[in-house]
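S.K.: Here's the letter readout for the chains.
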Amino acid sequence: NAGVTQTPKFQVLKTGQSMTLQCAQDMNHEYMSWYRQDPGMGLRLIHYSVGAGITDQGEVPNGYNVSRSTTEDFPLRLLSAAPSQTSVYFCASSYDSPSVSYNSPLHFGNGTRLTVT
Amino acid sequence: GQQVMQIPQYQHVQEGEDFTTYCNSSTTLSNIQWYKQRPGGHPVFLIQLVKSGEVKKQKRLTFQFGEAKKNSSLHITATQTTDVGTYFCAGPLGAGGTSYGKLTFGQGTILTVHP
Chain A
1370 NAGVTQTPKF QVLKTGQSMT LQCAQDMNHE YMSWYRQDPG MGLRLIHYSV GAGITDQGEV
1430 PNGYNVSRST TEDFPLRLLS AAPSQTSVYF CASSYDSPSV SYNSPLHFGN GTRLTVT
Chain B
2 GQQVMQIPQY QHVQEGEDFT TYCNSSTTLS NIQWYKQRPG GHPVFLIQLV KSGEVKKQKR
62 LTFQFGEAKK NSSLHITATQ TTDVGTYFCA GPLGAGGTSY GKLTFGQGTI LTVHP
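From first to last, the protein sequence lines stand for chains A and B.
If you count by our numbering, then the first sequence holds residues 1370 to 1486, one letter each, in order.
If you count by our numbering, then the second sequence holds residues 2 to 116, one letter each, in order.
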């Protein structure tokens, strides 16, 4: 199994450009999510999905769109890139929790380092 | 809103010294997870704590969950150069227990180990 695969690894955009960050997982996980990592701020949730056709906003959703047409894929779209979106983006997946109090661990992709000039 | 605060932000130690990072939540957590991120890498799951007062060990790493389930700590005994990286705590984002893959992360502690 490849796990969680993210492409591209690096990307440079100019302000106003759009692009899609790809994420695919081959573990048949129901849950998928996108996080951004900025220095001193940990990882912040952008959008998440609990299954195909179901998505919802996280903590910092503005400027990003997602869709989940299949269980495997969860692309993140930047509609009009801004310098504030310069960050490292991680896609993660996890399986359905076996109980209310236990949460299955997140499996992260290798990340996409995005620079917006 | 729900917050998970983690201190210190940086820790520099000599190889062989101990290291501790602390995590505090503004609300009671149903569980807490710990992740390690090597430089240039991605976060990797270490452990999850669920019970009040729980203590778990992984070789030189000791994880604790507070009695009130609002704080947690990770202690590394006799650090090695392989321990270098950023350590994150994370709790479920939103009310209730099941997170559905949504976590709120602490800011992380960057550990540097000098040989």
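These are computed hints drawn from the structure, not numbers from a lab.
Just so you know, these numbers come straight off a predicted model, no measurement behind them.
Among the hints, a few may not be true.
[As the list claims (entries may be wrong)] Under 8 angstroms between C-beta atoms, here's a sample of chain B residues computed to sit facing chain A:
no.: 1; residue: V14
no.: 2; residue: P40
no.: 3; residue: H43
no.: 4; residue: P44
no.: 5; residue: F46
no.: 6; residue: S53
no.: 7; residue: F106
no.: 8; residue: T113
A virtual CB, placed ideally from N, CA and C, is assigned to each residue, including glycine.
S.K.: Taking each numbered hint in turn, which are not upheld by the structure, reported in ascending numerical order?
M.R.: 1, 2, 6, 8
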